[in-house]
Amino acid sequence: MTTRQTSIDEDDFQAFVDGQLAPERRRAVMAYLAAQPGESARMGDYRTINEGLHQLYDEVLYEPLPTRLRIDHYRGRTSWRDRLQRWFGFGVFGLTPRLVGLAALLVASGAGGWWMHNSRPPVETPGMTFARQAANAHLVYVPDMRHPVEFGADQQANLLSWLSERLGASIHAPILQEAGFELVGGRLLPASGKPAAQLMYEDLGGKRITLYIALRWSPGTPAQPEGSVIYWTEGQVALVYWIEGALAYALIGEMDREQLFATADTIQHQLDLPVLAPPAEQTATTEKDAT
Amino acid sequence: MTKSQEKPTGNGVSDTERKIAEQIPRLRRYARALLGDPVRSDDLVQEALLRGLSRSHLWQPGTDIRAWMFTILHNIHVNNQRQRHARAEYQELVDDQPEMATPPSQEQSLEIRDLARALQLLPDPQRQVVLLVGLEGMNYKSVAAVLEIPVGTVMSRLHRGRESLRRLMAYGPPATASDEDGKRHMSP
Chain A
0 MTTRQTSIDE DDFQAFVDGQ LAPERRRAVM AYLAAQPGES ARMGDYRTIN EGLHQLYDEV
60 LYEPLPTRLR IDHYRGRTSW RDRLQRWFGF GVFGLTPRLV GLAALLVASG AGGWWMHNSR
120 PPVETPGMTF ARQAANAHLV YVPDMRHPVE FGADQQANLL SWLSERLGAS IHAPILQEAG
180 FELVGGRLLP ASGKPAAQLM YEDLGGKRIT LYIALRWSPG TPAQPEGSVI YWTEGQVALV
240 YWIEGALAYA LIGEMDREQL FATADTIQHQ LDLPVLAPPA EQTATTEKDA T
Chain B
0 MTKSQEKPTG NGVSDTERKI AEQIPRLRRY ARALLGDPVR SDDLVQEALL RGLSRSHLWQ
60 PGTDIRAWMF TILHNIHVNN QRQRHARAEY QELVDDQPEM ATPPSQEQSL EIRDLARALQ
120 LLPDPQRQVV LLVGLEGMNY KSVAAVLEIP VGTVMSRLHR GRESLRRLMA YGPPATASDE
180 DGKRHMSP
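Heads up: the sequence lines are chains A and B, in that order.
Going by numbering that gives the first Met the number 0, the residue at position 35 of the first sequence is 34; the numbering climbs one at a time, nothing skipped.
Going by numbering that gives the first Met the number 0, the residue at position 148 of the second sequence is 147; the numbering climbs one at a time, nothing skipped.
Calculated directly from the structure, the hints in this document are not laboratory data.
For clarity, every value in this text was computed on a predicted model and none was experimentally measured.
Some clues are possibly wrong.
[Claimed, not checked] Beta-carbon label-pair distances, calculated as ranges: (1) A:66 with B:81: 40 to 46 Å; (2) A:192 with B:152: 44 to 50 Å; (3) B:59 with A:253: 50 to 56 Å; (4) A:157 with B:21: 25 to 31 Å; (5) B:63 with A:22: 39 to 45 Å; (6) B:166 with A:269: 44 to 50 Å; (7) A:253 with B:150: 29 to 35 Å; (8) A:66 with B:147: 41 to 47 Å.
We put the CB at the ideal spot given by N, CA and C, even for glycine.
Please take these sequences and the hints and turn them into a complete structure.
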């Protein structure tokens with residue numbers, strides 16, 4: 000309860016968690032939360048809930064559809080089916096799936112998770128794929144002492160314009176000095192047949208973190224709200240990722256969960272600022288003001 | 000949809016039908032989280048799908064088909080709930096225990112299982128909002144439109160729903176459990 004008494008209310012907090020705040024408002028909430036560890040923790044819990052929901056249910060998106068939920072099943076038959084439906088309710092179509100469902104449940108509860116995994120096609124959400132690729136890239140290049148990056152921070156303008164050109168979207172290198180990290184440089188990487196970018200940062204103690212950037216996955220099924228940050232562990236690596244505009248971002252490093260979130264907030268905050276256009280020759284790619 | 004005589008083009012699915020089909024995975028995810036039970040939730044989606052298809056001519060091209068389909072699903076759900084309640088009162092018997100429906104899988108951590116259970120303990124209206132926002136990623140206005148409630152109600156249900164989940168999962172300090180939701184606006 001220090002200086003700030005801006006009228007931040009509960010709605011702002013919820014919108015903050017959901018990435019539905021305008022940039023200035025977000026900044027105000029962040030400033031408020033910085034002085035309120037209790038409230039900050041509460042926001043963390045809400046985020047955990049959002050992530051948990053995705054972890055629990057996102058795989059439904061990628062489960063093969065049962066026949067009765069496939070549109071070609073109804074093609075040209077809707078009217079009589081409609082009529083049947085009205086007469087019999089779900090008795091006709093509901094019974095078999097019910098039994099199948101029960102059987103699946105028994106198998107699953109009897110044999111545990113792994114059996115369930117084996118009995119159906121593996122489900123990996125695009126978010127999971129993205130997180131895995133980001134983690135792998137981190138593990139490969141972070142220990143590299145000789146060539147951790149293709150372009151160093153001294154050629155930042157070149158690096159960013161090159162990456163922007165290859166990804167087809169404007170890439171910025173956020174400034175993370177507040178968190179103690181300086182840009183080392185970056186590189187271009189392959190990701191499922193498309194280009195992705197990795198930016199590497201280092202602190203004074205030589206600890207490295209990476210920001211992995213790729214094009215967002217199919218807009219038809221975004222597995223998460225725009226801007227909302229998801230925490231993920233991939234092997235021994237912890238990371239946070241989020242989608243913003245045309246791009247998906249992952250931040251990876253040996254930090255605890257709170258630090259990852261705080262750094263992600265800093266990055267999101269900076270990406271909101273139009274000022275952050277990379278220096279020099281960048282002309283073709285001026286975006287970010289109309290997400 | 001009374002187009003059964005129409006010669007199908009391509010794979011026989013019209014543009015609107017295809018757009019409806021694209022929504023199915025999301026409707027399914029939402030229904031699964033809302034009801035907890037895979038079969039009942041697929042029933043709900045199927046019903047929404049049938050209704051959507053039979054009324055696809057009512058959808059205004061250019062408007063948000065996702066919101067349209069979610070509204071249809073929501074209306075069916077509310078209707079079903081009403082019937083279920085009536086039936087349950089009549090028989091004085093609650094035969095469905097949603098917790099049983101989510102099979103305990105060993106990969107899921109304790110917290111995640113707790114969340115699934117806690118979610119089913121929320122009042123239905125709160126669960127809807129928490130899911131449409133947190134899982135479906137809808138903006139508050141769309142949620143208000145789908146559920147046919149004011150945005151202010153969306154916000155208060157969201158807040159209450161999240162707080163309940165948090166308490167149910169024993170995150171928050173139990174001491175704060177007393178002050179209910181009287182502190183919607185916090186100014187020290």
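The hints, checked one at a time:
1. The beta-carbon spacing between residue 66 of chain A and residue 81 of chain B, approximately 29 Å, falls outside the hinted interval of 40 to 46 Å.
2. Distance hint check for residue 192 of chain A and residue 152 of chain B: the Cβ-Cβ separation is about 46 Å, which falls inside the suggested range of 44 to 50 Å.
3. Checked against the hint of 50 to 56 Å, the pair residue 59 of chain B and residue 253 of chain A passes, with Cβ atoms roughly 52 Å apart.
4. A hinted range of 25 to 31 Å is violated for the C-beta pair residue 157 of chain A and residue 21 of chain B, which are about 41 Å apart.
5. For residue 63 of chain B and residue 22 of chain A, the Cβ-Cβ distance of about 24 Å falls outside the hinted range of 39 to 45 Å, so the restraint is violated.
6. Between residue 166 of chain B and residue 269 of chain A the CB atoms are about 35 Å apart, so this pair departs from the stated range of 44 to 50 Å.
7. Separation of residue 253 of chain A from residue 150 of chain B is about 41 Å and departs from the stated range, judged on CB atoms against 29 to 35 Å.
8. In this structure, residue 66 of chain A and residue 147 of chain B break the distance hint of 41 to 47 Å, their C-beta atoms being roughly 32 Å apart.
The structure shown violates the earlier hints numbered 1, 4, 5, 6, 7, 8.
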